[in-house]
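*Asks:* If you're matching them up, the sequences are chains A and B in order. Under numbering that gives the first Met the number 0, the first sequence has 643 at position 644, and the numbering climbs by one with no breaks. Under numbering that gives the first Met the number 0, the second sequence has 287 at position 288, and the numbering climbs by one with no breaks.
If you're looking for bench data, these hints aren't it; they were derived computationally from the structure. In this text the structure is predicted, and so the values were computed from the model without any measurement. This list has only true hints and no planted wrong ones.
The calculated label-pair distances, taken between Cβ atoms and stated as ranges, are:
(1) B/VAL11 - A/ALA503: 48 to 58 angstroms
(2) A/GLU232 - B/VAL104: 37 to 47 angstroms
(3) B/LEU56 - A/GLY527: 33 to 43 angstroms
Selected chain B positions facing chain A (Cβ under 8 angstroms, derived; list incomplete):
(4) TYR154
(5) ARG157
(6) VAL159
(7) MET160
(8) ILE161
(9) GLU162
(10) ASN186
Built from N, CA and C at the ideal position, the CB exists for glycine as well.
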Amino acid sequence: MSLPSNDVDTNTSPDANVNTDANVNTDADATTGYSRRSLLAASATGLSVAASGCIDRVQSVVDSDAAEQVSLSILSLPAADGDRETAEITRHLEANLEAVGIDATISTRSESEFLEAILIDHDFDLYVGRHPADFDPDFLYETLHSTYEYDQGWQNPFGFTDTLTIDRLLERQRTETGADRERTIATLLEGIAQEKPFEPICVSNEYRAVRTDRFDGWDENYLTTGNGYLGLESDASSDTEQLHALVTDQRLAQTFNPLSPTTHEQRVIVDLLYDSLAVPTWSVPDEAEATDEETRAGEEVIDAANVSIEPWLATDWEWDAQNRTMTVDIREDCTFHDHTDDGTDADGGDANGSESGIPLTAEDVAFTYRFLADTTYGRAASASPAPRYQGHVSAVDSVTVEDEYRFTISFSTDRAVAERALTVPILPAGPDSPWITHLESSVESADDDLSPTQGDWSIVRSNHAPPTGSGPYKYDSHDAGTSVTLTRFEDHFTLRDDDHDLPAPTADELHFEVDPGTSSSVERVANGDADITTTQLDTYALESTIDDDAVSFVESPSWSFYHIGFNTRSMPCGNTHFRRAVSQLVDKQWVAEEVFAAEDSARPVATPVAEEWVPDSLAWDDGELVTTFEGEDGELNVDAARELFASNFEYDDGALVW
Amino acid sequence: MLVQVLTQVAFVVALALVLSLAVFVGRERLASLRTEWRPRLRQSAPAFALLAAILGLNRIMRQDGYEISQAYGVHMTEVFYSLEGDFVLLFRSIATPEVTTFFSVAYVYVYAFVLIFPIVAYVTLSNTVVLRQLLTAYSLNYVIGLAFYLLVIAYGPRNVMIEGMDATHLYYANPEYIHLTTEVNQNRNVFPSLHTSLSATVAIFAYMTRDQYRAWFPVAVGLATSVIISTMYLGIHWAIDVVAGLVLAAVCVVLAKHLVGRWSLSTAVERVRAAGRGETASGPEPDREQGEDGV
Numbered sequence: 000m001s002l003p004s005n006d007v008d009t010n011t012s013p014d015a016n017v018n019t020d021a022n023v024n025t026d027a028d029a030t031t032g033y034s035r036r037s038l039l040a041a042s043a044t045g046l047s048v049a050a051s052g053c054i055d056r057v058q059s060v061v062d063s064d065a066a067e068q069v070s071l072s073i074l075s076l077p078a079a080d081g082d083r084e085t086a087e088i089t090r091h092l093e094a095n096l097e098a099v100g101i102d103a104t105i106s107t108r109s110e111s112e113f114l115e116a117i118l119i120d121h122d123f124d125l126y127v128g129r130h131p132a133d134f135d136p137d138f139l140y141e142t143l144h145s146t147y148e149y150d151q152g153w154q155n156p157f158g159f160t161d162t163l164t165i166d167r168l169l170e171r172q173r174t175e176t177g178a179d180r181e182r183t184i185a186t187l188l189e190g191i192a193q194e195k196p197f198e199p200i201c202v203s204n205e206y207r208a209v210r211t212d213r214f215d216g217w218d219e220n221y222l223t224t225g226n227g228y229l230g231l232e233s234d235a236s237s238d239t240e241q242l243h244a245l246v247t248d249q250r251l252a253q254t255f256n257p258l259s260p261t262t263h264e265q266r267v268i269v270d271l272l273y274d275s276l277a278v279p280t281w282s283v284p285d286e287a288e289a290t291d292e293e294t295r296a297g298e299e300v301i302d303a304a305n306v307s308i309e310p311w312l313a314t315d316w317e318w319d320a321q322n323r324t325m326t327v328d329i330r331e332d333c334t335f336h337d338h339t340d341d342g343t344d345a346d347g348g349d350a351n352g353s354e355s356g357i358p359l360t361a362e363d364v365a366f367t368y369r370f371l372a373d374t375t376y377g378r379a380a381s382a383s384p385a386p387r388y389q390g391h392v393s394a395v396d397s398v399t400v401e402d403e404y405r406f407t408i409s410f411s412t413d414r415a416v417a418e419r420a421l422t423v424p425i426l427p428a429g430p431d432s433p434w435i436t437h438l439e440s441s442v443e444s445a446d447d448d449l450s451p452t453q454g455d456w457s458i459v460r461s462n463h464a465p466p467t468g469s470g471p472y473k474y475d476s477h478d479a480g481t482s483v484t485l486t487r488f489e490d491h492f493t494l495r496d497d498d499h500d501l502p503a504p505t506a507d508e509l510h511f512e513v514d515p516g517t518s519s520s521v522e523r524v525a526n527g528d529a530d531i532t533t534t535q536l537d538t539y540a541l542e543s544t545i546d547d548d549a550v551s552f553v554e555s556p557s558w559s560f561y562h563i564g565f566n567t568r569s570m571p572c573g574n575t576h577f578r579r580a581v582s583q584l585v586d587k588q589w590v591a592e593e594v595f596a597a598e599d600s601a602r603p604v605a606t607p608v609a610e611e612w613v614p615d616s617l618a619w620d621d622g623e624l625v626t627t628f629e630g631e632d633g634e635l636n637v638d639a640a641r642e643l644f645a646s647n648f649e650y651d652d653g654a655l656v657w
Numbered sequence: 000m001l002v003q004v005l006t007q008v009a010f011v012v013a014l015a016l017v018l019s020l021a022v023f024v025g026r027e028r029l030a031s032l033r034t035e036w037r038p039r040l041r042q043s044a045p046a047f048a049l050l051a052a053i054l055g056l057n058r059i060m061r062q063d064g065y066e067i068s069q070a071y072g073v074h075m076t077e078v079f080y081s082l083e084g085d086f087v088l089l090f091r092s093i094a095t096p097e098v099t100t101f102f103s104v105a106y107v108y109v110y111a112f113v114l115i116f117p118i119v120a121y122v123t124l125s126n127t128v129v130l131r132q133l134l135t136a137y138s139l140n141y142v143i144g145l146a147f148y149l150l151v152i153a154y155g156p157r158n159v160m161i162e163g164m165d166a167t168h169l170y171y172a173n174p175e176y177i178h179l180t181t182e183v184n185q186n187r188n189v190f191p192s193l194h195t196s197l198s199a200t201v202a203i204f205a206y207m208t209r210d211q212y213r214a215w216f217p218v219a220v221g222l223a224t225s226v227i228i229s230t231m232y233l234g235i236h237w238a239i240d241v242v243a244g245l246v247l248a249a250v251c252v253v254l255a256k257h258l259v260g261r262w263s264l265s266t267a268v269e270r271v272r273a274a275g276r277g278e279t280a281s282g283p284e285p286d287r288e289q290g291e292d293g294v
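The shape of chain A in the complex, shown without the other chains (with noise of 0.2 angstroms):
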């Protein structure tokens, strides 16, 4: 039985493809006056401090009995009705791991049990599965922080904590600007490649296939969310009233919550909902700019730096002089959509009218702002935080509501990361609001002191049917599990206002329907029978030929990347030494060339963020820190591997123990 060293010492790790030796010696970083030497030195005393307290529970196992085969559960997701890529990289894992001697099991879930298992019962030992990642790295904060150690969510799944290292440059970035924080981000980067609370594998391209006979206009950089079916341009000669969309997700017809955690996908269908003051945005460069090596891989609009963040609630927003407080003017005559009509107002001329909806002001930002941070709106002990969102909300200090349409919001961060936060989905405050409504509702049947667990209470998790937004579409009906329908909201201010260039809703209505998978999907787009795929499709669909002018692939640039989440909660992969050996038996090259089928349809990372943030260190192709495969071709070399484990961990007949 051998256990990590209370002296953990990263200079020494196993993996000797992990040259830490080289960076730590070169780059000091003169304008902060932090060496990375120093940054690593402190990850490193972290490090042995969180693993000691392992250690003690680890041995208390050991003496209580003979010593036993490591065993592993991988969560994955189903191979031919859910994300086929998924899968065979699990398959690829499991393998491996059996070849080192670890008792490996793949667990199949749906969709929602998966993320059920890793955001809400924290019940896994790791899985593989796509991270959403965001254009601005600050995605890291609330992906890793300490803070949100035990919270439920999109928040820390990992467990992770780094108080001395991580949490700082994660908090230090949010302050800096410029190349100050591009340096940070770098030594951030290379400080989570070597603890690896999760390994990113690739980032792949979404791929979507659509009929442009009947909508045309279809923006490869808008499908993943809902700008990308505003603007569209209808054939006058044909029936566009419904546009026919196809989703895999039953629940996305089911609930309506935008702060669900465990719906995947929602994100199309609550931008489309919702309103937020800003919305990103893609500035495509001139074709004559990219490169044509750039072009041929689809890489050019992954940049960070084509995104920004553009106004669509919010009219404009003004800095102050330290670029930490915003005054925002928002929209006039905005409202939220009204359903009390709905059923008794056949001839549909109030259903939408702005006399009957409820105005939407700056109060309702504010509430918005606040009731993200704290579900419970100050009704209970302690704050309840979203399980969506909390790296936006946290980025902000206060809103101060100046009048009926303007306010002004104070961060405590920089620009960069504060305008990221104007993205989240603006809700209804107002005595009518639903989520009003179900607090009171819960204060009142709670019965002492409401005490609601963060993240799985009833007011993230119900349906919440009707949907109450201001967005381009209103929601309409819905069919559980099978289908829903939203209709345009003729009084938004895209289809009213002309002082902007913003897309408009086009089609009537907005049909989703629930589609068994890739490739009866893609028959049915195929058919006539729908206009889009919005679930992204598996890429071996793309080898599908079909014989019509009128359907095509889009590829969409995603930040989104394949990784490996452990959770560092329990042994061994709270061990960071094992994950790193778990980390080498993944061949980030063949999965990219291998399981996804189309040409240049993933590529390889060593880091999760967009391409503009990756530090020389971490780039693929030459990066000293970069992780490599122990084997060739997709071809574990075992011995090599098992030598891996074996200066941390014991073998006991061909089986790691411990």
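Guided by the hints, dock chain B onto chain A, whose structure is given.
*Replies:* Same frame as chain A, but now just chain B:
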């Protein structure tokens, strides 16, 4: 799309029924239906009603059972996979496009035919006991299968190791069938295989009635075998599901033979009538079966 596929299946099965009735059942027995279909159906009405009720329940539970299985179900995918590993990938060695087409047809068309043909064939027997036993066995298959579906959550091999079965996969070869199969089955309901248990049930009944339908017995065994192999070839079921399906079939046949006649409504009515006329009630029907119908 679903309607299209359904129509196609209905058409093909109807055609096959007509042909096979001519071949296996013969003119004489069919002719007897003209006068006797009414009393025969009346006698078997309770068994038909039971089956209809259970199919209705089955349908409701498949839709609403999700929450029940969420609460009480046990995830077994990993257990099955670790027990049998890559066994079903063995069928890859015989995979060609033609074989895939053959098994896709077996899985969809042959299966539907295998279930429906014996019902019609047994209606033409003068003694309805076999028909009632068959219908009861179908019902039992569904009831017991449904109970397992609520308690055992398991994905089939195609959802774990798809990379090994591209060529053999039903959905890639014939994506239109996916609508049909999702309509009748949830993808997490694989244990036991009802395709296996119902086909095997039909084969066992074919054995029991081999004296009446000599030619049908070997054909039924052949068809049932191809349906059963198709479930593994297409990656829909684990070998464990198939074994469980075979056991379930045997259990259902034994149970059906015990139950039918014992609590038969029509015999009870007959008994009452017979008693009214002062005659001795007729003995249990299976005793009469061979003598009357073994022409």
